[in-house]
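Visitor: Each chain, letter by letter, is given below.
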Amino acid sequence: MFTFNPVAFTVFIIFFLIVTGMGFIAARWRRGDLDQINEWGLAGRRFGTTVTWFLLGGDLYTAYTFIAVPAAMFGLGVLNGWFAVPYTILVYPIIFILMPKFWSVCKQRGYVTAADFVKDRFGSRTLAFAIALTGIIATLPYIALQMFGIQVSLAALGIPLSVSIGGLQIELPLLIAFLILAAYTYTSGLRAPAMIAMVKDIMIFIVLIALLIVLPAKLGGFGAIFAAVAKKHAASPTTFFEFLSPKQNWAFVSLALGSALALFLYPHSLTGVLSSNSKNVVKRNTALLPIYSLMLGLLALTGYMAIAAGIKPPKSLGANYAMPLLINAQFPPWFAGFAFAAISIGALVPAAVMSIAAANLFTRNIYKEYISPNASERAESTVAKWASFVLKFGAVLFIIYIPTAQVINFQLLGGIWILQTLPAVFLGLYTNWFNRWALLIGWFVAEVLGTILFSAAGLKSVYAISIFGVSFPAMYTAFSMIILNLILAIVLTPIFNVIGLGRGRDITVATDYDAEEVLPVEAGREALG
Amino acid sequence: MSVQPQTQARTRRTWLRVFLIIPFIVLLYPPFYNSNDPTFIGMPFLYWFPLLWILLTAILTGALYFLGA
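The listed protein sequences derive, respectively, from chains A and B.
If you use our numbering, the first sequence closes out at 529, no skipped numbers anywhere.
If you use our numbering, the second sequence closes out at 69, no skipped numbers anywhere.
By construction, these hints were calculated from the structure, which means they are not laboratory data.
Glycine is no exception: its CB is placed at the ideal position from the N, C-alpha and C atoms.
Among the clues, some could well be false.
Claimed, not checked - According to the in silico footprint, chain A covers these stretches of chain B (three or more CB under 8 Å from chain A):
no., stretch
1, 34-48
2, 53-61
As the list claims (entries may be wrong) - Cβ pair distances, simulated, as ranges:
no., chain 1, residue 1, chain 2, residue 2, range
3, A, Ala227, B, Gly62, 33 to 39 Å
4, B, Leu55, A, Ala515, 28 to 34 Å
5, B, Gly62, A, Val448, 40 to 46 Å
6, A, Lys247, B, Val18, 29 to 35 Å
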């Protein structure tokens, strides 16, 4: 299916090497003591508007954006692919309201993770443990999805995915990419993805602009592209949709809103926010980051362009290869090499931030809380570095042993899991009214039931629930479960308070949430370096 | 003396944030834009309208930032 092209391969390797070099050099950028978790895992909370824009953009728009969304558009159409556009629009008003508060309390109290905050806010180590565990487990399939993005790029370049060593099939190219990533994350911490993100984002924008200039012209304009899409819907009216059928409205809305609420509960998003140097940097970025949403929307349309171009990925590979096949078919090899380098590097940045963020959770809220409470700062940082290594390795195992088609489904399951931390983390920013045990039970029931519904639906995240003969329209399981979760937390709180199940002591104070700060105006130079 | 303007600034900022509800109302009611017409450069309404709202929402959050919300 894919043939090896030396030109494409050379271009790919050159960019990969440049980025690897940057990853190691990043350790010296805005030098700090990397033996402190605050420096390794949050880059000293010193990033200005520009760096934060690149880092968050590089961190939030992942292989999901470049591979999974166009693939969903190509294979299933509007419901499964296009909800990502309202999703990535609505996330920013939410961030505008919530994240300055979160940044403020974390800065005032020196928190590194959301679980650090929950522990103090609700006075519960157990609840903090639940939040940390959810963050780590929900992140694993997300890292695996990034690895999958690299795998798709390598395959599209015709690089053999597995090499036989002593009779064992070993996915050598992927392992090499993983080891390089692990090595510079270990040495440079969050500085590495922040620095690489700048290269990644510029490369991705170049690829996108080229795609948008060349493809519609070649394919006869958007009119012709959408005519091909309409034809595909006519040919398979029950599986592929150009417009939402009335029954799909609820699924579309709940996917968009549920995903928008979930995105900034993920550890890697919060890590990006906490590494910025002020609340205003976060606010400014809610107006600047939508540039990436526009990119996502336009990239999604390349899935439709692949339909118009008559791309037919073989069954064994599936829709995820539609975009790579389109690039190979329509562009010269040097550009294909560049584009796949952009996609791979585009997957490395979030993979690095995710593993750092999950490592921070493990170190702060599991290791230091339960295993070694007296760990020094240096020990804490060392544990975090190794944890990031182990977590990435776990993700590699995930991708090797779980069929690739399922990787994306598991990432959606991750979304169901992470959204259940909303009451403690987001509502916790406003109130400590909830009883910690009520939050814990709401979380637990929603997680268990959400996972059961996910598997009952055949590893799908949209499910039509019916209770006592009343059937609700099909909707995103993350969304139905957060409603259940909230109801439980609200109903159980007064009950537990009455029966005397202890409330935790909130050690944060009102002023923590609204720290006024006086910062020098950012000059362009300061913002960059 | 210095307390008074600050309090005022605060009241104003809370009030302005109400506008952030607009993109939710518009985008979370798909029957409103789930149609082919009007098309724009060959793109159905369902596709170009959300793309337009990416820009409009960014302008909204940007404006709220500059107005001190």
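Visitor: Any hints this thing doesn't respect? Which numbers, in order?
Guide: none
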